[in-house]
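Enquirer: Here are the chains, one letter per residue:
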Amino acid sequence: MNTPHAQYGNDLEAIARRARDLLAGTARWRVLVEQTDTLGCLVRRGVLQPPERSARRAVLITVEERGALGYGATTDLSADGLAQAAKRARRMAAVLPDRRLGAGLPADATDPVPAFVEPWADHVDMTLAERIEWLHDLEIAMAIDDRIHSRAALLETTRRERVLLDQSGREQRQVWRLCQAGLRAVAVGADGNQWRSHGHSFQGPATPEQLAALDFTRERAAALSRDALALLDAPECPTGTRDLILLPEQMTLQIHESIGHPLELDRILGDERNYAGWSFVRPEDFGTLQYGSPQLNVLFAPDELGEFASYACDDEGLPARRTHLIRDGLLERPLGGARSAARAGLEPVACTRATSALRPPIDRMANLNIAPGEQSLGELIGGVEHGVLLGQNRSWSIDQRREKFQFGCEWGRLIEDGELQGLVRNPNYRGRTLPFWHSLDGVGGADTFQVLGLGNCGKGEPNQSIGVGHASPACRFRGIEVFGGAA
Amino acid sequence: MNDLQPLIHALAERLPALAGDGETLFAYVYGEQTDFARLSRSRINQLGHIHQRRLTLTLSDGRAAVKDTWDIDAGALDTLAPRIERLRGDLAASPDDPYLSLDASPRTAHSGQPYEERDLEPWLEALLANAADDDLVGIALSGPQGFGLASSLGHALSHRSGGLSLDASLFTPTHQAVKIEWSAPADGPADPAAALAQARERLALLGGEPYAPAPGRYRAYLAPEALTELLGVTVWQGFSRQAVESGNSPLDRLFRGTAGFAPGVRLRELREDSNAPPFGAAGHALPGAVDLVIDGRAGDTLVSPRSALEYGGTINSDSGMPIALTLDGGDLAEADALAALGTGLYLGRLWYANLSDPTHCRVTAMTRYDCFWVEDGRIRAPLAPMRIDASLYSLLGPDLIALSRERHRLEDTSSYDRRASGHQLLPGALCATLPVTL
Numbered sequence: 000m001n002t003p004h005a006q007y008g009n010d011l012e013a014i015a016r017r018a019r020d021l022l023a024g025t026a027r028w029r030v031l032v033e034q035t036d037t038l039g040c041l042v043r044r045g046v047l048q049p050p051e052r053s054a055r056r057a058v059l060i061t062v063e064e065r066g067a068l069g070y071g072a073t074t075d076l077s078a079d080g081l082a083q084a085a086k087r088a089r090r091m092a093a094v095l096p097d098r099r100l101g102a103g104l105p106a107d108a109t110d111p112v113p114a115f116v117e118p119w120a121d122h123v124d125m126t127l128a129e130r131i132e133w134l135h136d137l138e139i140a141m142a143i144d145d146r147i148h149s150r151a152a153l154l155e156t157t158r159r160e161r162v163l164l165d166q167s168g169r170e171q172r173q174v175w176r177l178c179q180a181g182l183r184a185v186a187v188g189a190d191g192n193q194w195r196s197h198g199h200s201f202q203g204p205a206t207p208e209q210l211a212a213l214d215f216t217r218e219r220a221a222a223l224s225r226d227a228l229a230l231l232d233a234p235e236c237p238t239g240t241r242d243l244i245l246l247p248e249q250m251t252l253q254i255h256e257s258i259g260h261p262l263e264l265d266r267i268l269g270d271e272r273n274y275a276g277w278s279f280v281r282p283e284d285f286g287t288l289q290y291g292s293p294q295l296n297v298l299f300a301p302d303e304l305g306e307f308a309s310y311a312c313d314d315e316g317l318p319a320r321r322t323h324l325i326r327d328g329l330l331e332r333p334l335g336g337a338r339s340a341a342r343a344g345l346e347p348v349a350c351t352r353a354t355s356a357l358r359p360p361i362d363r364m365a366n367l368n369i370a371p372g373e374q375s376l377g378e379l380i381g382g383v384e385h386g387v388l389l390g391q392n393r394s395w396s397i398d399q400r401r402e403k404f405q406f407g408c409e410w411g412r413l414i415e416d417g418e419l420q421g422l423v424r425n426p427n428y429r430g431r432t433l434p435f436w437h438s439l440d441g442v443g444g445a446d447t448f449q450v451l452g453l454g455n456c457g458k459g460e461p462n463q464s465i466g467v468g469h470a471s472p473a474c475r476f477r478g479i480e481v482f483g484g485a486a
Numbered sequence: 000m001n002d003l004q005p006l007i008h009a010l011a012e013r014l015p016a017l018a019g020d021g022e023t024l025f026a027y028v029y030g031e032q033t034d035f036a037r038l039s040r041s042r043i044n045q046l047g048h049i050h051q052r053r054l055t056l057t058l059s060d061g062r063a064a065v066k067d068t069w070d071i072d073a074g075a076l077d078t079l080a081p082r083i084e085r086l087r088g089d090l091a092a093s094p095d096d097p098y099l100s101l102d103a104s105p106r107t108a109h110s111g112q113p114y115e116e117r118d119l120e121p122w123l124e125a126l127l128a129n130a131a132d133d134d135l136v137g138i139a140l141s142g143p144q145g146f147g148l149a150s151s152l153g154h155a156l157s158h159r160s161g162g163l164s165l166d167a168s169l170f171t172p173t174h175q176a177v178k179i180e181w182s183a184p185a186d187g188p189a190d191p192a193a194a195l196a197q198a199r200e201r202l203a204l205l206g207g208e209p210y211a212p213a214p215g216r217y218r219a220y221l222a223p224e225a226l227t228e229l230l231g232v233t234v235w236q237g238f239s240r241q242a243v244e245s246g247n248s249p250l251d252r253l254f255r256g257t258a259g260f261a262p263g264v265r266l267r268e269l270r271e272d273s274n275a276p277p278f279g280a281a282g283h284a285l286p287g288a289v290d291l292v293i294d295g296r297a298g299d300t301l302v303s304p305r306s307a308l309e310y311g312g313t314i315n316s317d318s319g320m321p322i323a324l325t326l327d328g329g330d331l332a333e334a335d336a337l338a339a340l341g342t343g344l345y346l347g348r349l350w351y352a353n354l355s356d357p358t359h360c361r362v363t364a365m366t367r368y369d370c371f372w373v374e375d376g377r378i379r380a381p382l383a384p385m386r387i388d389a390s391l392y393s394l395l396g397p398d399l400i401a402l403s404r405e406r407h408r409l410e411d412t413s414s415y416d417r418r419a420s421g422h423q424l425l426p427g428a429l430c431a432t433l434p435v436t437l
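Chains as they are written, first to last, in numbering that gives the first Met the number 0: chain A, 0 to 486; chain B, 0 to 437.
The following block holds chain A by itself, in its conformation from the complex (with noise of 0.2 Å):
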């Protein structure tokens, strides 16, 4: 039978007791031990490109000795393997215990662990050959020109399982079915070439049905040419001053970029300096800085059905709760797990996320999202006089204190005295984070609500790559500076 993954069963659970029995005598431990199975499938330009699984399978051990963590990770999950990672973690521990910037394990559990029921468990994702003409039927939906010189579709769904235990007691067990899944067309003109893009990263069965209610359809393909076409022949974004309404699709990288990086509770530390940067929020800031106008409320949400980073607990073992970090536009709390919360004095949400066993665990988004308000979309139109309407994001770039920022899109609509008008290329903006969320002044509604995701976020050292959800209606900020291309 073509099945696309494989079920392990109580497998996992037996070798992190194997890695808790080689912990006897040891005061603070955690294991972590992670299946991962995933099927990509890309077709490009008609041809399938050889379909890829893959089966990682590692265990992650954390011993705490006076305070300092030491990590032994090991994809050899022998007798012999797990021995010698659990050595490694209790000698790493042991080394130099007065050079350490403290903190260790989280405290023992004390709350009860919320039951994860992965609501997909009886759901059978497409096999090979299914996907394979499902990909195939979106890709040609794209050839409708001979200037669409590129057309992708592909799709991935993982199933990740993990399993921790801890001293104090915690024995946890979550399964995640993941899915990722992207369309792409790119027009090749006379003095340039023009894309549009869609895609999603969300949990839950790769299944038509669920794909198609995520707009993977044959019209939408089409539509992308068509688009990209239509941007050949569009005038450059103008530069000046402009009201933004930004789509979902844009906002999960504003919100990614300029909220979610500089609440990271390890990067306000200093933990991140020498890689993915610092921020400009300080300890202080917490309870007392307006981050945004009191239109903002962002939420850590990790209980959000089918959003890519849902989960009960996070990899130090704590349950996961929904909460608000700005709220009314007033930064209420970070995120930071457990650890980074105890060196800095505050409460700390369970945001500690390791991309894979393989990894010590730090302070990571999850799901951020942005609540909705009551506008429409037309409402949020209605009352631009000099705007323009920005979509799919296409580039980003801030700088290392998360202050400077400047996004690109793949396709603007500019807006005259409240009414939508030309298509415009290249549209960019930029501008400064705190002055930026301070000109929201208008929500969307919750018929401009979308769950997106991103499936790859860097960070950390060694370096890390993770999952993230944002969600977020339409918005509209006051008095951008936007561009477009030009030599």
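These are calculated hints, taken from the structure and not from any lab test.
Where a beta carbon is used, it is the ideal one built from N, C-alpha and C, also for glycine.
One or more hints might be untrue.
Claimed, not checked - Here are a few chain A residues that sit away from chain B, every Cβ distance over 10 Å (derived from the structure):
| hint | residue |
| --- | --- |
| 1 | Leu95 |
| 2 | Ala142 |
| 3 | Asp145 |
| 4 | Arg272 |
| 5 | Pro282 |
| 6 | Gly286 |
| 7 | Leu288 |
| 8 | Pro318 |
| 9 | Gly381 |
| 10 | Arg412 |
| 11 | Asp446 |
Stated by the list, open to error - Chain B regions said to be covered by chain A (calculated; three or more residues, Cβ under 8 Å):
| hint | segment |
| --- | --- |
| 12 | 49-61 |
| 13 | 205-216 |
| 14 | 343-354 |
Claimed, not checked - One side only, chain A facing chain B, incomplete, derived with CB under 8 Å:
| hint | residue |
| --- | --- |
| 15 | Val46 |
| 16 | Tyr70 |
| 17 | Leu228 |
| 18 | Leu231 |
| 19 | Phe448 |
Starting from the known structure of chain A, arrange chain B on it as the hints suggest.
Expert: Leaving out everything else, chain B in the frame of chain A:
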């Protein structure tokens, strides 16, 4: 580490028996044993060890191919048969692939330099003692790496690398910083003390109130460490044959012939000087050098095995991405860079570059680390964070005044999924005008 040669030879012996009629099997293996020490404020933040070994198996029936990757231990050979059986099911479901290209010329070769595991603790202790009064932030990585490829046709290739490296920053109390990128020499003491001392000297230049130039156009010197960030936007799809033909390359105009760089710009892919394995996952031998830009005009693209069949050309790359991008130097002595700059911006590093206008290869980025305002050839003040936005066709074209004679070798220090291989070798660039936008 556990040298991969025995495993590769064992795979080369086993795979022919496992391949069915008309089938070909390729097995690509990667392994590492890495100690990591993550530092902040000259103290240990996270300390650990990573053991990783994985195998990627490609099964082909000559008509199509499918792949599977899994982690292996000492019993790796016993895991092959069931995986192959499942892959046969995948293969049966896959349509013909007209661009399938697996190397059909088996060979045996072993390359690279071994690196023995060493006890990191004494080295770490010495480093942190030396930096006790500094604010040192970063990562030390130590350990061996191995790569290997075996096939049912008889390929048996392996490559060894690894080392001890420090990628770190030194910070002032006012948040200015300089970068330290140090690797232990193959021969000689593994002592970064000199690198730390030099970094402190550079850090001293960053005292004083930062200067924020107004948006506008400025004369600028881009150190190699800044130029690499801008050229980085071309690495992903710039030179790939597949990207150029499909309209995805930001260097589209270069390869159309409607844009170019200054005549002194020569860019090459020089694998022969790289620490990366000299073989790709499909087994093809790759040339040591590819001319990408010659006298400012388009040369060859990087042609992967698949692209060679899809678009024509000779295979000269594994993936279409350069792993050893090299820019020839010019006539400007680095020691004369400030004097030649006169008044303007000295950019030691740039960060978070991205394309703002792909058609014109226009790139935006932020300043970071040792960037200065210079007047009459003398450093006057560190720069406040600034955003630039400029076309590479301009910066390395009509606005290019000179390239430095000396070049810096910039190793790829990323560690997503595994420790990266590869580097860039670049000079600095003196430019007549660089747009500052924010």
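Enquirer: For every hint, state whether the structure bears it out.
Expert: Verification of the supplied hints:
| no. | hint | verdict |
| --- | --- | --- |
| 1 | Leu95 | violated, 6 Å |
| 2 | Ala142 | holds, 13 Å |
| 3 | Asp145 | holds, 12 Å |
| 4 | Arg272 | violated, 5 Å |
| 5 | Pro282 | holds, 15 Å |
| 6 | Gly286 | holds, 23 Å |
| 7 | Leu288 | holds, 18 Å |
| 8 | Pro318 | holds, 23 Å |
| 9 | Gly381 | holds, 30 Å |
| 10 | Arg412 | holds, 19 Å |
| 11 | Asp446 | holds, 32 Å |
| 12 | 49-61 | holds (count 6) |
| 13 | 205-216 | violated (count 0) |
| 14 | 343-354 | holds (count 5) |
| 15 | Val46 | holds, 6 Å |
| 16 | Tyr70 | holds, 3 Å |
| 17 | Leu228 | violated, 12 Å |
| 18 | Leu231 | violated, 11 Å |
| 19 | Phe448 | violated, 27 Å |
Hint compliance for this structure: hints 1, 4, 13, 17, 18, 19 are not met, and every other hint is.
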